[in-house]
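> Sequences are here, hints too, so could you generate the full structure?
Protein chains in written order, with our numbering: chain G, 1 to 193; chain H, 1001 to 1225.
Calculated directly from the structure, the hints in this document are not laboratory data.
Glycine is no exception: its CB is placed at the ideal position from the N, C-alpha and C atoms.
Short derived list, chain G residues pointing at chain H, Cβ under 7 Å:
{"hint": "1", "residue": "THR12"}
{"hint": "2", "residue": "ARG43"}
{"hint": "3", "residue": "LYS50"}
{"hint": "4", "residue": "ALA54"}
{"hint": "5", "residue": "LEU68"}
Result set (DSSO-like, lysine-lysine): computed pairs, CA atoms no more than 27 Å apart in a straight line:
{"hint": "6", "chain 1": "G", "residue 1": "LYS8", "chain 2": "H", "residue 2": "LYS1220"}
{"hint": "7", "chain 1": "G", "residue 1": "LYS52", "chain 2": "H", "residue 2": "LYS1220"}
{"hint": "8", "chain 1": "G", "residue 1": "LYS8", "chain 2": "H", "residue 2": "LYS1217"}
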Amino acid sequence: MQTCEHLKENLTLYTYGELDPVTSREVENHLKSCEGCRQEHRRLSTILAKVKQASAAPQLSPREARALASDISRKLKAGSRRTWWRQYLDLTPSRLIPAAVITAALIIAVAIIGYLNLSRTTGMPPVSMNQNEELMLSDKDMEILDNLELLKEMESIQKLSRLVDPNGKTDSQWDRGNDTRGMRQDEYRHYSV
Amino acid sequence: MSNEHLNLAKQPSQANDNPANEPISSGPVYADEELVRRAKNDDPWAIEQLVLRYQKKAYAIAFQMLAGDAEEARDRTQDAFLQAFRRIKQFKEKSSFYTWLYRIVINTCIDARRRRRRWQELFFPWRFEKNKDGSPQHSLEEFPDTDRNSDPLATASHRQLKDDIKNALNNLSARQRTIFQLKVLQEMSIAEIAESMGLAEGTVKTHLFRATRIVQKQLKGWTEV
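Next up, the structure:
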């Protein structure tokens, strides 16, 4: 005897008592006239009853039930008596994740603020640039430096000549007579008379 | 025809946990809503009443989902209650307390089952051979005989039936098995199962239908006994 395929799902739901009253009545009317579906319904009911009977969970005895209830109460009380610092140390994911996010955000914020402040307040080139200062000098700068050396030499010569000839001309006199530079002393005397 | 209707029709789950059936409960019987309101104010009496009212059902669900491991079922039931009461202030009361609680029990058991499976896969990989399609093959050790010790006088036929049921359940996916067990063994309605498992009712119906077909096919030989 064949079951009506299109009714299989409704027949299963009817067996479970999960159909609305209207559909349930329709299935009941169909079962009255269809031997195949009636047998299918009976077979399914038998199997489900056997499964239920064979797989029943053992009941908790009153003693076990009381023990379970008191264990739960005791653990709940113990949990609520925890000191504040232990509660804060409770590293559950619900606390760890926001804490990690806040810490990361703080580190990033401090790094950004620190970097901005550093670059604004110092205005100095980094140390590494100082080390290469010489490389950064242009040819013109180098020329000035060379002339500086020459000026120093000239100054030394002037001091030396003052020592040799303390009654000689002052620097300003020397300056006025620029064209006498490079003459021998006797030539100079002759020229200055 | 209605007299042939199975006693699997929708029954309020609360009826099975009526505190009046509890020999250890005395005094006035409060509605769940009142007990929940008091529990939110840390009233230990209300918490105890809710535990006494629902622990048997919670334990039965855990026992079925954990393949008859009584000790683990007790531990997971305790975990679920502790979790529920630690989070009771977050319970918005959009659903009934017991569906909310059963959801916690189911999730606790799913986590426990997953953990146990991982450990077993790690230490006993040969028990988890793959099917041809690559899906993991369930090991029979996952579903031990539930009352091998408590029912020594069981007939050979009864034992055979239990083995066949065990094999039939092993052929279901984890979700199908849970839905089938909640429906057939815990007599929860499809709406309650959907709420407890966070699924749509249509999804639960489809899984239940498929699971029923598979179990019926596997146990075909038992229909005339």
